[in-house]
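> Here are the chains, one letter per residue:
Number of protein chains: 2
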Amino acid sequence: MLVGSVEAGGTKFVCAVGDEDYRIQDQIKFPTTTPKETLQKVVDYFLQFDIKAIGIASFGPIEIRKNSPKYGYVTKTPKPGWEDTNFVGFIKAQLDLPIFFTTDVNGSAYGEYVMSLLANEKIDSLVYYTIGTGVGGGAVIGGDFVGSVGHPEMGHTLLKRHPDDIDFTGVCPFHGDCLEGLVSGPTFEKRVGRPGKDVPLTDHVWDVMAYYIAQAALQATLLFRPDKIVFGGGVISEPVLQKVRVEFAKILNGYVSLPDLDKYIVMPEVKGNGSATLGDFALANKLLRE
Amino acid sequence: MLVGSVEAGGTKFVCAVGDEDYRIQDQIKFPTTTPKETLQKVVDYFLQFDIKAIGIASFGPIEIRKNSPKYGYVTKTPKPGWEDTNFVGFIKAQLDLPIFFTTDVNGSAYGEYVMSLLANEKIDSLVYYTIGTGVGGGAVIGGDFVGSVGHPEMGHTLLKRHPDDIDFTGVCPFHGDCLEGLVSGPTFEKRVGRPGKDVPLTDHVWDVMAYYIAQAALQATLLFRPDKIVFGGGVISEPVLQKVRVEFAKILNGYVSLPDLDKYIVMPEVKGNGSATLGDFALANKLLRE
Numbered sequence: 012m013l014v015g016s017v018e019a020g021g022t023k024f025v026c027a028v029g030d031e032d033y034r035i036q037d038q039i040k041f042p043t044t045t046p047k048e049t050l051q052k053v054v055d056y057f058l059q060f061d062i063k064a065i066g067i068a069s070f071g072p073i074e075i076r077k078n079s080p081k082y083g084y085v086t087k088t089p090k091p092g093w094e095d096t097n098f099v100g101f102i103k104a105q106l107d108l109p110i111f112f113t114t115d116v117n118g119s120a121y122g123e124y125v126m127s128l129l130a131n132e133k134i135d136s137l138v139y140y141t142i143g144t145g146v147g148g149g150a151v152i153g154g155d156f157v158g159s160v161g162h163p164e165m166g167h168t169l170l171k172r173h174p175d176d177i178d179f180t181g182v183c184p185f186h187g188d189c190l191e192g193l194v195s196g197p198t199f200e201k202r203v204g205r206p207g208k209d210v211p212l213t214d215h216v217w218d219v220m221a222y223y224i225a226q227a228a229l230q231a232t233l234l235f236r237p238d239k240i241v242f243g244g245g246v247i248s249e250p251v252l253q254k255v256r257v258e259f260a261k262i263l264n265g266y267v268s269l270p271d272l273d274k275y276i277v278m279p280e281v282k283g284n285g286s287a288t289l290g291d292f293a294l295a296n297k298l299l300r301e
Numbered sequence: 012m013l014v015g016s017v018e019a020g021g022t023k024f025v026c027a028v029g030d031e032d033y034r035i036q037d038q039i040k041f042p043t044t045t046p047k048e049t050l051q052k053v054v055d056y057f058l059q060f061d062i063k064a065i066g067i068a069s070f071g072p073i074e075i076r077k078n079s080p081k082y083g084y085v086t087k088t089p090k091p092g093w094e095d096t097n098f099v100g101f102i103k104a105q106l107d108l109p110i111f112f113t114t115d116v117n118g119s120a121y122g123e124y125v126m127s128l129l130a131n132e133k134i135d136s137l138v139y140y141t142i143g144t145g146v147g148g149g150a151v152i153g154g155d156f157v158g159s160v161g162h163p164e165m166g167h168t169l170l171k172r173h174p175d176d177i178d179f180t181g182v183c184p185f186h187g188d189c190l191e192g193l194v195s196g197p198t199f200e201k202r203v204g205r206p207g208k209d210v211p212l213t214d215h216v217w218d219v220m221a222y223y224i225a226q227a228a229l230q231a232t233l234l235f236r237p238d239k240i241v242f243g244g245g246v247i248s249e250p251v252l253q254k255v256r257v258e259f260a261k262i263l264n265g266y267v268s269l270p271d272l273d274k275y276i277v278m279p280e281v282k283g284n285g286s287a288t289l290g291d292f293a294l295a296n297k298l299l300r301e
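Protein chains in written order, with our numbering: chain A, 12 to 301; chain B, 12 to 301.
Please keep in mind that the hints were generated in silico from the structure rather than gathered at the bench. Be careful, since some hints might not be right.
Each pair may be met inside one copy or between any two copies, as identical chains are not told apart.
Calculated pairs, DSS-like style, for lysine-lysine (alpha carbon to alpha carbon, straight line, at most 27 Å) [said to hold, decoys possible]: (1) LYS282 / LYS261; (2) LYS274 / LYS87; (3) LYS63 / LYS87; (4) LYS261 / LYS171; (5) LYS254 / LYS171.
Bound conformation, chain A alone (with noise of 0.2 Å):
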């Protein structure tokens, strides 16, 4: 039995088909166009295959409340073109089957969180953050996303800011100095003048982001306590991961008894940036079992 995997984001969509043991069968890739031609193309390579079911990993924000008229939709978003798009709607008009709907980030979390029961870790929660062009976390509780009213927004929080960067404004378009102000890729070239992947690991921004990343561990610990924290995105590296860990010690000041940080700050254990896929084919499978 097939399942289908959508991962959406605003530069490009991957499709892939699964099978029941969560296997990738065939994947695709393809630029972020307009909606109308992107959701077709979503749509048409879906049809060559015997699907039952489809996760879909959006970028967002979108509505995922069932009870709204505006469920399905890409709201608000600053991406052109997309604001206001039924993109469950888009699908079902011609692939008629169970959609679970969700935030790229919740695709992610889901798939980490089944990658971890996989491995056989005890596992209840998890949070899962990217830190890449943009910043975002998703939560699972016991097999369950967190979110009542909408979903997570962990990317603009305030934090306090280190001593050495008091003078840099962030390029949240929203909120100036958040989280994703402060952390997300295109602060380097503002920062430093070049992107972040040309910056050593020695440059003193690079503690500057582990002060902020720590942050980031320090509120989803002592807001959710979870089993574990992962970090992805194009910023993180397991190099930068040691470095926030240093920072979160000193900053949580030994308050909470945690695992060890090596196994509670992580990169993703799946590989290959197929977190979201992985998370899609789990989530399309519980749908067919509800």
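Fit chain B to the supplied structure of chain A, relying on the hints for placement.
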């Protein structure tokens, strides 16, 4: 059928007996002295009644993981004499009843959650903060508490400092200027030399307080997307929350859509500091149903 409630604070204990409609039938208060003396008073009080279960909402930190050998303990509290106290064990040794053991703020969160349900509000999740001598928070999602590796400690996240408060070092012995270090009751003495109750709301210090409390609401909003956020504790009043809502609207900047803020950021619905007692009754009854 009767159940018991223990609201265990660092200064005083409030024990109560309630019926199946959560109505208080009897209540007693006494100061918190040594663990042995205080907990024996709890036992002696309940021995007078034919209660079937007990809900305990305790100051912390406490061990709530059932699989821990220290389950039911008050753990690393700075409260003299109480560190490593087997709270649940002491009670169970003399009263062999089902006991639900959770934090004070979780108890209050649950009481407010139940109160909302009784008022026929369609509510799935709720966050409760207390801003008093200490600062803490608890969350209920779908009738369950949040927290896998322990209970939340929402009072110790870091915040963006108010420009007019940069030099204040904060009062938290663990973190200096964390949320508790910036807005707990004792900060008034430290900032303006008198207790908060003597500081008129027109004093600028309240704007600073509101800015920080609004950041707590922002964190809860963006990480949980709850149906509502309740603020209790000695620092909070409706006029203070009016200031908090104004600051919250400014820093959120319309980023996510929310219920009317007057119904979203609210005082406890249960009057007379009774949220935790109601929560305890409901949790005791929940135990008996399970």
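> Up to 27 Å between alpha-carbons, please classify LYS63 paired with LYS87: within, between, both or neither.
neither (30 Å within a copy, 52 Å between copies)
> How do LYS254 and LYS171 come out at 27 Å by Cα distance, when the copy is not named: within, between, both, or neither?
Both, since 17 Å and 21 Å are each at most 27 Å.
> Check LYS274 against LYS87 for me: Cα-Cα at most 27 Å, and say if that holds within a copy, between copies, both or neither.
Between copies only: 23 Å across, 36 Å inside.
> How do LYS261 and LYS171 come out at 27 Å by Cα distance, when the copy is not named: within, between, both, or neither?
both (14 Å within a copy, 18 Å between copies)
> Given identical chains, is LYS282 near LYS261, meaning Cα to Cα at most 27 Å, within a copy, between copies, both, or neither?
Neither: 30 Å inside a chain and 40 Å across chains, both beyond 27 Å.
In this structure, the earlier hints numbered 1, 3 are contradicted, and the remaining ones agree with it.
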